[in-house]
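**Student:** Sequence:
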Amino acid sequence: MVGFPEGGPPEVSLTLHGYWRSTTAYRVRIALAVKGVAYEQVTHDLRTGAQREAEYRALNPQGLVPALETDDSVLTQSPAILEWIDETYPDPPLLPADANGRATVRAMAATIACDIHPVNNLRILNALRTEFGANEAAVNRWIARWIGDGFAALETLIAHHGGGFAFGTTPTIADCHLVPQVYSAERFAVDLSPYPHLKSAADKARALPAFAAAHPDRQPDADRA
2 MVGFPEGGPP EVSLTLHGYW RSTTAYRVRI ALAVKGVAYE QVTHDLRTGA
52 QREAEYRALN PQGLVPALET DDSVLTQSPA ILEWIDETYP DPPLLPADAN
102 GRATVRAMAA TIACDIHPVN NLRILNALRT EFGANEAAVN RWIARWIGDG
152 FAALETLIAH HGGGFAFGTT PTIADCHLVP QVYSAERFAV DLSPYPHLKS
202 AADKARALPA FAAAHPDRQP DADRA
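When we follow the working numbering, the leftmost residue of the sequence shown carries the number 2, and every step to the right adds one.
Everything labelled a hint here was simulated from the structure, so no lab data went into it.
One or more of the hints may lead you astray.
Claimed, not checked - Taking lysine to aspartate or glutamate and the EDC-like style, the derived pairs with C-alpha atoms no more than 16 Å apart in a straight line are: (1) K200 x E187; (2) K200 x D150; (3) K36 x D116; (4) K36 x E88; (5) K205 x E156.
Unchecked claim - Here are the computed distance ranges between Cβ atoms for each label pair: (6) R103 x E137: 38 to 44 Å; (7) A59 x E88: 23 to 29 Å; (8) E132 x A51: 20 to 26 Å; (9) R130 x G37: 36 to 42 Å; (10) D222 x D116: 15 to 21 Å; (11) D116 x P91: 25 to 31 Å; (12) D46 x N101: 37 to 43 Å; (13) P93 x R130: 21 to 27 Å.
By construction, the Cβ of each residue, glycine as well, lies at the ideal position given by its N, Cα and C atoms.
Could you put together the complete structure from these sequences and hints?
**Tutor:** Written out as structure tokens, the structure reads:
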């Protein structure tokens with residue numbers, strides 16, 4: 002059972018605005034599931050541009066997912082949301098107790114959140130197709146290039162700091178980022194064989210019930226057609 006400070010968990014109503022296949026929303030679902038926190042979901046179909054509609058932009062001016070709506074605020078940008086979740090629901094922790102460990106975990110997460118995902122998200126891929134005439138083979142090469150660069154660095158970090166998970170012996174925010182990015186890599190048939198430590202850490206994490214519950218295919222808006 003998830004533990005909380007004396008007095009129990011905060012009485013906060015949460016609504017996650019996302020999309021089943023969004024890897025950034027996937028990160029947040031993992032963190033909420035690890036903490037055992039209940040929430041509602043509202044989907045914004047990225048394929049149709051629903052995230053750019055005026056009603057949603059009133060919540061998140063960027064017109065991106067995810068956004069986490071609380072009783073008194075709207076939180077955006079998944080790394081910030083994950084930190085908020087970890088501070089608000091501190092047990093089990095998703096960051097190490099020591100400053101060096103926390104910095105390493107945040108660096109692992111940022112390798113994905115800052116260096117891999119931004120150049121591979123849907124709006125960038127669509128720009129490659131529509132503005133630069135890239136065909137699907139070229140788009141897939143682009144995806145594999147940036148995933149490969151980031152995963153090569155992560156492989157070294159996980160080999161050094163991993164203890165079954167990406168960092169140490171329990172899941173952290175690094176795993177919340179890693180598992181969705183591996184999902185994306187597999188979706189685009191990126192070869193993961195050069196990254197055995199990374200793959201092993203991702204497999205260990207996504208075998209946990211909380212990670213499995215957050216998988217895109219298990220979301221109410223999933224559409225595998």
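**Student:** Determine for every hint whether it applies to the structure shown.
**Tutor:** Against the structure, the hints come out as follows:
1. About 11 Å separates the Cα atoms of K200 and E187, which keeps this hinted pair within 16 Å; it holds.
2. The hinted pair formed by K200 and D150 meets the criterion: a straight-line CA distance of about 15 Å does not exceed 16 Å.
3. At most 16 Å may separate the alpha-carbon atoms for a hinted pair to count; K36 and D116 exceed this at roughly 27 Å.
4. A threshold of 16 Å between alpha carbons decides the hint, and for K36 with E88 the separation of about 11 Å falls inside it, so the pair holds.
5. Restraint check for K205 and E156: satisfied, since their Cα atoms lie roughly 15 Å apart, inside the 16 Å limit.
6. Between R103 and E137 the C-beta distance comes to about 40 Å, which sits within the given range of 38 to 44 Å.
7. For A59 and E88, the Cβ-Cβ distance of about 26 Å falls inside the hinted range of 23 to 29 Å, so the restraint holds.
8. Taking 20 to 26 Å as the suggested C-beta distance range, the pair E132 and A51 conforms, at roughly 22 Å.
9. Restraint check, R130 to G37: a C-beta distance of roughly 41 Å satisfies the suggested window 36 to 42 Å.
10. Taken as a hint, the range 15 to 21 Å is violated for the pair D222 and D116, whose Cβ atoms sit roughly 28 Å apart.
11. Between D116 and P91 the CB atoms are about 28 Å apart, so this pair conforms to the stated range of 25 to 31 Å.
12. A beta carbon spacing of about 42 Å between D46 and N101 agrees with the range 37 to 43 Å that was offered as a hint.
13. A beta carbon spacing of about 42 Å between P93 and R130 contradicts the range 21 to 27 Å that was offered as a hint.
The structure shown violates the earlier hints numbered 3, 10, 13.
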